[in-house]
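Next come the chains, spelled out residue by residue.
2 protein chains.
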Amino acid sequence: MMQLIKFPEKQQWASILKRPVFDNTALVETVQSVLDAVKMEGDAAIKKYTAQFDGVELKEFLVTEAEIATAIALVSDDLKAAIIQAVANIRQFHINQLAPVEVIETMPGVKCWRKSVGIEKVGLYIPGGSAPLFSTILMLGVPAQIAGCKEIVLCSPPNKSGNLHPAILFAAQLVGITKIYKIGGVQAIAAMAYGTETVPQVYKIFGPGNQYVTCAKQLIQQQGIAIDMPAGPSEVCVLADATANPVFVAADLLSQAEHGADSQVLLVTDSLTIANQVQIELTNQLENLSRKELVIKALNNSTCILIKYINEGIELVNAYAAEHLIIACENAEVISNQIYNAGPIFLGNYSPESVGDYASGTNHTLPTNGYAKAYSGISVDSFVKKITYQQLSSAGLNNIASIVELMAEAEGLDAHANAVRVRRINELKN
Amino acid sequence: MMQLIKFPEKQQWASILKRPVFDNTALVETVQSVLDAVKMEGDAAIKKYTAQFDGVELKEFLVTEAEIATAIALVSDDLKAAIIQAVANIRQFHINQLAPVEVIETMPGVKCWRKSVGIEKVGLYIPGGSAPLFSTILMLGVPAQIAGCKEIVLCSPPNKSGNLHPAILFAAQLVGITKIYKIGGVQAIAAMAYGTETVPQVYKIFGPGNQYVTCAKQLIQQQGIAIDMPAGPSEVCVLADATANPVFVAADLLSQAEHGADSQVLLVTDSLTIANQVQIELTNQLENLSRKELVIKALNNSTCILIKYINEGIELVNAYAAEHLIIACENAEVISNQIYNAGPIFLGNYSPESVGDYASGTNHTLPTNGYAKAYSGISVDSFVKKITYQQLSSAGLNNIASIVELMAEAEGLDAHANAVRVRRINELKN
Numbered sequence: 001m002m003q004l005i006k007f008p009e010k011q012q013w014a015s016i017l018k019r020p021v022f023d024n025t026a027l028v029e030t031v032q033s034v035l036d037a038v039k040m041e042g043d044a045a046i047k048k049y050t051a052q053f054d055g056v057e058l059k060e061f062l063v064t065e066a067e068i069a070t071a072i073a074l075v076s077d078d079l080k081a082a083i084i085q086a087v088a089n090i091r092q093f094h095i096n097q098l099a100p101v102e103v104i105e106t107m108p109g110v111k112c113w114r115k116s117v118g119i120e121k122v123g124l125y126i127p128g129g130s131a132p133l134f135s136t137i138l139m140l141g142v143p144a145q146i147a148g149c150k151e152i153v154l155c156s157p158p159n160k161s162g163n164l165h166p167a168i169l170f171a172a173q174l175v176g177i178t179k180i181y182k183i184g185g186v187q188a189i190a191a192m193a194y195g196t197e198t199v200p201q202v203y204k205i206f207g208p209g210n211q212y213v214t215c216a217k218q219l220i221q222q223q224g225i226a227i228d229m230p231a232g233p234s235e236v237c238v239l240a241d242a243t244a245n246p247v248f249v250a251a252d253l254l255s256q257a258e259h260g261a262d263s264q265v266l267l268v269t270d271s272l273t274i275a276n277q278v279q280i281e282l283t284n285q286l287e288n289l290s291r292k293e294l295v296i297k298a299l300n301n302s303t304c305i306l307i308k309y310i311n312e313g314i315e316l317v318n319a320y321a322a323e324h325l326i327i328a329c330e331n332a333e334v335i336s337n338q339i340y341n342a343g344p345i346f347l348g349n350y351s352p353e354s355v356g357d358y359a360s361g362t363n364h365t366l367p368t369n370g371y372a373k374a375y376s377g378i379s380v381d382s383f384v385k386k387i388t389y390q391q392l393s394s395a396g397l398n399n400i401a402s403i404v405e406l407m408a409e410a411e412g413l414d415a416h417a418n419a420v421r422v423r424r425i426n427e428l429k430n
Numbered sequence: 001m002m003q004l005i006k007f008p009e010k011q012q013w014a015s016i017l018k019r020p021v022f023d024n025t026a027l028v029e030t031v032q033s034v035l036d037a038v039k040m041e042g043d044a045a046i047k048k049y050t051a052q053f054d055g056v057e058l059k060e061f062l063v064t065e066a067e068i069a070t071a072i073a074l075v076s077d078d079l080k081a082a083i084i085q086a087v088a089n090i091r092q093f094h095i096n097q098l099a100p101v102e103v104i105e106t107m108p109g110v111k112c113w114r115k116s117v118g119i120e121k122v123g124l125y126i127p128g129g130s131a132p133l134f135s136t137i138l139m140l141g142v143p144a145q146i147a148g149c150k151e152i153v154l155c156s157p158p159n160k161s162g163n164l165h166p167a168i169l170f171a172a173q174l175v176g177i178t179k180i181y182k183i184g185g186v187q188a189i190a191a192m193a194y195g196t197e198t199v200p201q202v203y204k205i206f207g208p209g210n211q212y213v214t215c216a217k218q219l220i221q222q223q224g225i226a227i228d229m230p231a232g233p234s235e236v237c238v239l240a241d242a243t244a245n246p247v248f249v250a251a252d253l254l255s256q257a258e259h260g261a262d263s264q265v266l267l268v269t270d271s272l273t274i275a276n277q278v279q280i281e282l283t284n285q286l287e288n289l290s291r292k293e294l295v296i297k298a299l300n301n302s303t304c305i306l307i308k309y310i311n312e313g314i315e316l317v318n319a320y321a322a323e324h325l326i327i328a329c330e331n332a333e334v335i336s337n338q339i340y341n342a343g344p345i346f347l348g349n350y351s352p353e354s355v356g357d358y359a360s361g362t363n364h365t366l367p368t369n370g371y372a373k374a375y376s377g378i379s380v381d382s383f384v385k386k387i388t389y390q391q392l393s394s395a396g397l398n399n400i401a402s403i404v405e406l407m408a409e410a411e412g413l414d415a416h417a418n419a420v421r422v423r424r425i426n427e428l429k430n
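Taken in order, these protein sequences are the chains called A and B. When we follow this note's numbering, the leftmost residue of the first sequence carries the number 1, and every step to the right adds one. When we follow this note's numbering, the leftmost residue of the second sequence carries the number 1, and every step to the right adds one.
Any given hint could be a false lead.
Stated by the list, open to error - Covered stretches of chain B (chain A as the covering partner; in silico rule of three or more C-beta atoms under 8 Å from a C-beta of chain A):
1. 3-12
2. 39-52
3. 101-109
4. 133-142
5. 154-160
6. 294-307
7. 351-357
Stated by the list, open to error - Computed cross-link-like contacts, DSS-like style, restricted to lysine-lysine with a CA-CA straight-line distance of at most 25 Å:
8. Lys80(B) to Lys111(A)
9. Lys39(A) to Lys18(B)
10. Lys121(A) to Lys386(B)
11. Lys10(B) to Lys39(A)
12. Lys39(B) to Lys150(A)
13. Lys10(A) to Lys150(B)
14. Lys386(A) to Lys111(A)
15. Lys121(A) to Lys10(B)
16. Lys39(B) to Lys18(A)
17. Lys115(A) to Lys386(B)
18. Lys115(A) to Lys115(B)
19. Lys121(A) to Lys18(B)
20. Lys80(A) to Lys111(B)
21. Lys150(A) to Lys10(B)
22. Lys179(B) to Lys39(B)
23. Lys18(A) to Lys150(B)
24. Lys386(A) to Lys39(B)
25. Lys10(A) to Lys10(B)
26. Lys386(A) to Lys121(B)
27. Lys39(A) to Lys59(A)
28. Lys111(B) to Lys10(A)
No lab work stands behind these hints, which were simulated from the structure alone. Glycine residues also receive a C-beta, built at the ideal position from the N, C-alpha and C atoms.
Given only the sequences and the hints, what does the whole structure look like? Please build it.
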């Protein structure tokens, strides 16, 4: 189970907190060849790879209205109601992220403002596999819709019968996805990056995926297509003091561990009692989990760090920059103000990560692998360009002219100074 | 001079608007070897490359307080005053970009909020060469300072005497740069990406540079260090109707052209008179420019597109996604609301690009090469992580529990459902 490290020296932190490094060099050639084939041959290449990788021959990739209607009927009313409430919460939280336009007159007659404009065309990738990740459709689709993106394309791999899971289709129509395609893997990323006869080219691609999909996103990013953020295995860090509930902490660690054998699970606590009780609870709760074997593998790679003071824990947590941080401490809110490297922060004993994963309203597409030091999770910001505008009156131009001329000349840029000068001269003539 | 294309068919747009493609494959090996050397050998490698590429042997890279004081005394009072006013305008425009924290209760007892937290350590790169680009220090340093970044490192190549230009140092101290290093090129990017004995490692690197610097930024981005945005040659597009002033339009095109022979200059107009008058004005104004030869080269690669209706021009301008867009039309504001792909937009006859380049308050670090389709220019957003927070009361957890459980189970994630369930059971017991 979890390895317990007691009172490590600060110099040891870097090696204790080190993430596994995945080298994708071996994948690049394969992934590039699929990208190139789709770029050259379009739909024909997608048909070929779908047969090869997904094991199904498809004539059409675009999901029809009829397919969507059939799927909607298959989703239980309970699940529908839950998804609808989750969408309402996500929308309520995200709609607030659209900044209002405010005109700022920096000098008399010099008006500047900034407006969020939706990226015209975006692509969302949703992996297939054992579970249908419809929650990620909500987390990407809702902010895309709020941002005002005109074309919101979704790609997800078909199952062996050539279909998408009904919950995927229900979620997609609910959040206003404009086109849904039964295309998976690298071929999906290629289709959205380059466009094909049936799939429109998009300007930014979002969503999780396996190592091949991640590699494809990296490669197309180098070609100028924007991507949401770099990817890595999912992680949770729990910072717990003696007031934490070991049953809850164990449940949170397990919910992260079930994502996969490479999931990162970290417990930081100043209480040996909590550390020991959590270990016991992990064993108890583990028994009833369907993904038990996966969970054990993840836990075996996991660490509990015992620290002397919670302040040291705060520093350690900042050094780690977890994708999800749960603060199960008495003064969670005070501590949260001292955290500057983390994805979302869950405060107190009644804020488990899974609430944020599905329904509280915050986004669950987040920076892993320490990227929280520089990257934010997905928000409406991710789906807009913030365009600036400026409008000067002739008086405004006169007010600012000498500043621009002096600076431009000091940078050796004559023509920049001249663009102001010709307008000033003209103004003086009038 | 500019090539005039009259009334092109829509199918021709893509080829007319095509940017030059720069293939950096040949650079990768050289750049990677410099990155690797700095990563392995630290300051020793930087000393070696500074001698080799900048032609100067330096014992210390860190600029001292004494050097800064000496430099400040060398900057003219006029230029100082101009820079100080520019900083005031930039600060006034950018400070408004810090979104206030607002707690949103998405369901009773489910509180969510979002806070902007400055990226702890950032690095700014400012190229050397013929002109000291101190204006870029303002454009990066002011938002970094507003964001609350704790460490703001600046690297810029030393001249042959081992110094930085006084205006660089004046601007740097003015906007709160915490450490200034006399390091240039790929070795500067490497120093900030990996850290050395004297240069701290940063989490995100900003700033323009030549093809080697650009390549280095791409490579370190793949290693998980964030960068501001992809780079490309600078561009301006002017959309002009018959009310435009050809003197002003020519001056604006020239101010872009003087950036370099690879600068992109595009005029789109529905007035043949304007097209012809601008050509004449270009020739007139060109004569007095110090960078005349560079300008001629850039203009020879430039295009004027004559269109039938301004609406067609709007569509064309959106297809191009210019780094800078000047709307020299009677109803500039109405047109600007129909533009969704552009960096900043300059409205009307008295809003030249050079005003935004230096002093109006908007940022001048912008997406070139069509990246404005997906990327924004630099703002305070670029220097913060937007961290989300959530705090549920036990009642809040109960209100949302069944939604989370239903969705988690439908995704096959037992332990996610369990993390909510154990809390609910506990609550019922109490």
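Quick rundown of the hints versus the structure:
For the segment 3-12 of chain B, the assignment as covered by chain A is violated, since 0 residues bring a beta-carbon within under 8 Å of that chain's beta-carbons and 3 are needed. Only residues whose beta carbon comes within less than 8 Å of a beta carbon in chain A count, and the segment 39-52 of chain B has 0; fewer than three means the coverage is violated. Counting residues of the segment 101-109 of chain B whose beta carbon lies closer than 8 Å to any beta carbon of chain A gives 4, which meets the minimum of three for the stated coverage. Counting residues of the segment 133-142 of chain B whose beta carbon lies closer than 8 Å to any beta carbon of chain A gives 3, which reaches the threshold of three, so the coverage claim holds.
Residues of the segment 154-160 of chain B lying with their CB closer than 8 Å to a CB of chain A number 0, which falls below the three-residue condition for coverage. For the segment 294-307 of chain B, the proposed coverage by chain A is not satisfied: 1 residues have a C-beta within less than 8 Å of a C-beta in that chain, short of the threshold of three. Counting residues of the segment 351-357 of chain B whose CB lies closer than 8 Å to any CB of chain A gives 7, which reaches the minimum of 3, so the coverage claim holds. Of the supplied pair hints, the one linking Lys80(B) and Lys111(A) holds, its CA atoms being roughly 23 Å apart against a limit of 25 Å.
With a C-alpha separation of about 18 Å, the suggested pairing of Lys39(A) with Lys18(B) holds against the 25 Å cut-off. For the proposed pair Lys121(A) and Lys386(B), the alpha carbon gap of about 24 Å is at most 25 Å, so the pair holds. Only pairs whose Cα atoms come within 25 Å are accepted, and Lys10(B) paired with Lys39(A) is accepted, the gap being roughly 22 Å. For the suggested pair Lys39(B) and Lys150(A), the alpha carbons sit about 44 Å apart, so the restraint of at most 25 Å is broken.
Between Lys10(A) and Lys150(B) the CA atoms are separated by roughly 21 Å; this keeps the pair inside 25 Å, and the hint holds. With a C-alpha separation of about 16 Å, the suggested pair Lys386(A) and Lys111(A) falls inside the 25 Å cut-off, and the hint holds. A C-alpha spacing of about 20 Å is found between Lys121(A) and Lys10(B), which places the hinted pair at or below 25 Å, so the restraint holds. Of the supplied pair hints, the one linking Lys39(B) and Lys18(A) holds, its CA atoms being roughly 18 Å apart against a limit of 25 Å.
Between Lys115(A) and Lys386(B), the direct Cα distance comes to roughly 19 Å. Compliance with the 25 Å bound is thereby established for this hinted pair. This hinted pair checks out: Lys115(A) and Lys115(B) have alpha carbons roughly 20 Å apart, not beyond 25 Å. Taking the CA atoms of Lys121(A) and Lys18(B), the gap is near 19 Å; set against the 25 Å cutoff, the hint holds. For a cut-off of 25 Å, the pair hint linking Lys80(A) to Lys111(B) stands: about 23 Å separates their Cα positions.
The suggested pairing of Lys150(A) with Lys10(B) holds, with an alpha-carbon distance near 21 Å, which does not exceed 25 Å. Under the criterion of a C-alpha separation no larger than 25 Å, the hint pairing Lys179(B) with Lys39(B) is consistent with the structure, at around 20 Å. Of the pairs offered as hints, the one joining Lys18(A) and Lys150(B) holds, with about 24 Å between alpha carbons and a cut-off of 25 Å not exceeded. The suggested pairing of Lys386(A) with Lys39(B) is violated, with an alpha-carbon distance near 36 Å, which exceeds 25 Å.
Restraint check for Lys10(A) and Lys10(B): not satisfied, since their Cα atoms lie roughly 63 Å apart, outside the 25 Å limit. Distance check on the hinted pair: Lys386(A) and Lys121(B) sit about 24 Å apart at the alpha-carbon level, within 25 Å; holds. Between Lys39(A) and Lys59(A), the direct Cα distance comes to roughly 19 Å. Compliance with the 25 Å bound is thereby established for this hinted pair. About 35 Å separates the Cα atoms of Lys111(B) and Lys10(A), which puts this hinted pair outside 25 Å; it is violated.
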